[in-house]
Amino acid sequence: MQRYIEGRSQPFSWFLYILPALLVYLVFLAYPLFSSMLASFMTGNHAQIQTFVGFDNYVRLFTEEELSTRYFSAFRNTVIFFAIHMLVQNVLGMLFANLLQNKHLKGRKFYQTIIFIPATLAIIVTGYLWKLILNPQWGAFNLVLKALGSEHANFPWLGTPGVSLVVISLVSSWQWVGIPTMFFISALGNIPDELYEAAAISGASPWQVFTNIKLPLIMPTVGVVSTLTFVNNFNAFDVVFAMENVNGAPDYSTDILGTFFYRTGIAGQHPIGIPDRGMGAAVATVTFVVLIIGVALIRHITVKQDEA
Amino acid sequence: MKNTTKHRQLGSTGRGITYLVLSLWSLMVIFPVWTMVINSFKKRLDIYKDPFGFPSLWSFDSYLAVLKGHQFGRYFFNSILITVLSLMLILLLGSLASYAIARWNSKLSRWLYAFMIAGMMIPIRIGSIPLLRMINEMGLMNSLFSLLPIYVAMGIPVAVLVLTQFIRDIPIEMTEAALIDGAKPRQIYYKIVLKLIQPAMASVAIYNLVPIWNDLWFPLIFINKESQKTVILGVTTLFGQYQTDWSRILAVLTLASLPILLLYLAMSRQFVEGLTAGAVKG
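As given, the protein sequences belong to chains A and B, one line each in that order. Just so you know, the first sequence maps onto residues 1 to 308 in my numbering. Just so you know, the second sequence maps onto residues 1001 to 1282 in my numbering.
If you're looking for bench data, these hints aren't it; they were derived computationally from the structure. For each residue, glycine too, the CB sits at the ideal point set by N, CA and C. Incorrect hints may have been included.
Ranges of calculated distance between the beta carbons of each label pair, as one might list FRET restraints [what the hints assert, rightly or not]: (1) A:I191 x B:P1055: 44 to 50 Å; (2) A:Y31 x B:F1052: 50 to 56 Å; (3) A:L195 x B:G1073: 51 to 57 Å; (4) A:L215 x B:G1073: 32 to 38 Å.
Please work from the sequences and hints to get the whole structure.
Structure (structure tokens):
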């Protein structure tokens, strides 16, 4: 067999098998990323000849009043958006996975199937659907509230700064909760039964079993889920686009990095104006750096706890 | 016997709470989806009378209006075409590369593997600005086919990860016999590997299906021409036209979600396996 791998076959012919995939990957994924970094050091406009301006775009992004206010507000909103996902989506996912792990539970498959349904819908569909449900006029949500005797029945959930970002984050958590649930179910399924038996003999409570056995053992999966949530949240766009608009209404209170990037680099609107290529690339590059730092941090935390 | 100990701890209260939590959440999922589907079959004004019940009269008017008055059929065709083509290319290119990576034992192949896998963590959206220029220079702006290379590039990392692992797990005896018979790597790929990795290919296809079908970002930035739009992009434009006609909006939303939803309900096990195949092994 070694002969087959190393001797008889020429490296070049093996390389030919990899080439098509590598080419597409290089040209449409690796190169655009690299090129985006380069573009962030160039002047803005599409039409003009690009000239090197150094860190000018970055300096403007972080110091120029109009830009930096919007950028930091979008950044802060994205952090809140992410925090709510971690707290709601991933904690619920963990809860559901633990409940569904019980093999004697009747209808286990049914619940599992239902929980994942929203993840198959397009985010834009989810967004529009919830926008209708939350609509003060017709909205089913308000009808339910009214039936329950709540005085918030006419509350403009999507039109109130400070509230709408939370509402959008919850809708997005509703959509994605099936993903952590499935990941955690499959991780919990890999824990050897002997450990539970030992815990049962020593009289551990379910909570003790969770904190001392389950959680430490599924830490790598917690890491994967957190990373996925982080990367997806810092690139989110659709849910805000559907429920508010690209300006992150009301009053930029739901403006996240995805919508800010769209406005600055791709299809600008008032007040930023015509999209600024260099500036958009700078925004993307900063996001990329934040992603790398964040992913490294999450890995560091989850791997360390795994070893402890 | 093995599994009974860990569940014996759950008393009847625990069981009750479990059912309560799961049923409440199921309601929270089913209710909006129900609202969407059921109201799309009502007449415009019936929605206000009874928003949650079955329609007193099943009406397909909204669907007919949507399908007739607009290019929704065209959008559907576009979405199916681009999704199928993307998946086919991802599987073809991905399986070729994975076969070589799994069998070619060298530093370069290990390096290429790591390099391609790294793409899983990189959202391709970050490169949108250069991609816009590239697509424009390729003359693909406003064409459905602008999406193809991007979706393929997006799908390759997971394909390479899952398929390489899978090919490495194929018992070596399977290929040894063929080698003794004088088969070439190309024949082994075609006659043996391609047949054995079909379950893994299904996982990869399903993993990529949902994000490709549901993608809004790239159609939004590349395509502005009616005849080239995808279903999901179509949803954004149709919405504006029916501001007050809820049942039409809901018909559009139902149409856009139904294919994947039905597929998922028919094969939910494969969906879950496809989803976790990439991450759990890696």
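Taking the earlier hints as the rules, which of them does this structure contradict? Violated hint: only 4; rest satisfied.
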